[in-house]
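Visitor: Residue numbers (the numbering used here), protein chains in the order written: chain X, 941 to 1194; chain F, 6 to 313.
It is worth saying that the hints were derived from the structure and are not from the lab.
Treat the hints with caution; some may be incorrect.
[To be verified] Reference excerpt, derived from the structure (chain X facing chain F, CB under 7 angstroms, subset only):
hint	residue
1	S985
2	N992
3	A1027
4	M1035
5	A1055
6	V1059
7	G1061
8	Q1131
[What the hints assert, rightly or not] Away from chain F, derived, C-beta distances all over 12 angstroms, residues of chain X:
hint	residue
9	G950
10	L994
11	R1017
12	E1023
13	A1104
14	P1109
15	E1124
16	D1165
17	Q1180
Note that the structure is a prediction, hence the values are computed from the model and not measured.
The C-beta atom is built at its ideal place from N, Cα and C for all residues, glycine as well.
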Amino acid sequence: MSVPMVSAEGVHKRFGRLEVLRGITLNVDPGEVMCLLGPSGSGKSTFLRCINHLEKINAGRLMVDGDLVGYRQQGDRLHELRESEVARKRAEIGMVFQHFNLFPHMTAMDNVTCAPIRVKGIARETARARATELLGQVGLADKAGSYPVQLSGGQQQRVAIARALAMDPKLMLFDEPTSALDPELVGDVLQVMKQLAADGMTMVVVTHEIGFAREVADTVVFMDDGVVVESGPPAQVLGQPRHERTRAFLSKVL
Amino acid sequence: MSSPEVTSPAGRPDDIVAVPVRHPGRWVAAGVVVVIGAAIIRSIVTNPHFEWGIVGEYLFATPILEGLVVTLELTVIAMVIGVLFGVVLAVMRRSSNPLVSRSSWLYIWFFRGTPVLVQLLFWYNIAALYPKLGIGIPFGPAFVHPDVNSLITAFRAAVLALGLNEAAYMAEIVRAGMISVDEGQTHAAQSLGMSRLQTMQRIVLPQAMRVIIPPTGNETISMLKTTSLASTIAVAELLYSAQLIYSRTYKVIPLLIVASIWYIVCTSILYVGQYYLERHYGRGSSREVKARQWLKMENLSAPHDSGL
């Protein structure tokens, strides 16, 4: 048995008195593509942000590649990780955001090379060569010198994917990557993600693209109100949902 | 579905020819402005009390130019202190440690709440408050005892007063700039493994600059003029140098004009500098592709071709 890439046991997260995650338990194996579905406010994005410690969990255990997220266990006690240690862990996890969050004052090339150079200390020339390759992979070889405002939403999101990949992550998190895109631009981004999945990347994808989930996901997890309602292969969860809530949700989005 | 109407070139109607609306009010206003302007110019040229000859004589006089240099020194040093300390105060304000953020707030409250002229006089007379300065262990023995009276010269008092007062204003400007940067930028930088310092330095501050630069330009221009307050504690800057001359020659108006000319020349130069700074930090804010960027794009593709 290999160590799961992500392993959550009873993860709870509160914002003030609002309980957003109420005991999430799931595993993501290396190379697995997991799609998180569910109505907005069900805690999908929050859970994703917990995985790279952009949010701190309040209870439960959350591990990435066998290490606790944000803590170190010594004996029975948990010690908070120092900021530099958290940063090092985050560098191994790529994240793609709903609103792209490209750095607007940098060209596409600089967006992709910034972290490898500053965080990993890779030589500028090496980083640029790799970035050129990655921008080619996402179909934007000719846009290296463009600033984000000069790109369409779909192009920006593909640059954002290249930026995340430039850190050679072992896990990629996608937070509704196509929700802010015009319908005709969604396809290009999904195509890049499909290729990534085919190349064996471990991916956790929060999405409303049922078609993508059916085609690419190994596991589909349906969440509602901070809990996992059901999970399983897409054919089962999307085809023969066992729970009324899943059926109700799917009937609305399909 | 109806398709939108397409006008064929042959059926293109003639251009509209219409009688424009008349604006008599504009003509009246222009007339008034011209008359007032002519009156002012006439008075400047003909009023002998301006003594333009004296102005010309003193415009490049050594004491005036030396005073100008002191004014510029004061402006630059005070602004550097103001900007650097202002950034520190702004970062402190955003600290999650309440003691740190409150003390920043207290500083800003105090220095914005008292007139800069009063602060200037305070620093000039600081020796009356603390005659001896001790550098050593806090609450313990001191190793060096510099004499405050000789340490705080008039010039240093002016630098301290203007710089520390400016820091309070700059802190608010920098803070506004940092707030203007979307939180998603910080999240993206963090998710890439950047430290808080790198995020601040590489991602947040460069973007905040677009918001920070224009008011900072204002502050610099304002500072250049505020340095004239240092004349009250006998710092030989531009105004004080002019005052020294007219207290001897009684040519008050011409020398005040000399000082004004130099102030306006310097502020005009600052305007130009601000324009270029704003352009630099405006990168990525416009969709239009700039000439320099084209060159960069060409350079990007060139090594790629030759390298394979």
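Visitor: Run the structure past the numbered hints and jot down the numbers of the failing ones, going up.
Guide: 1, 7, 8, 10, 12, 13 and 14
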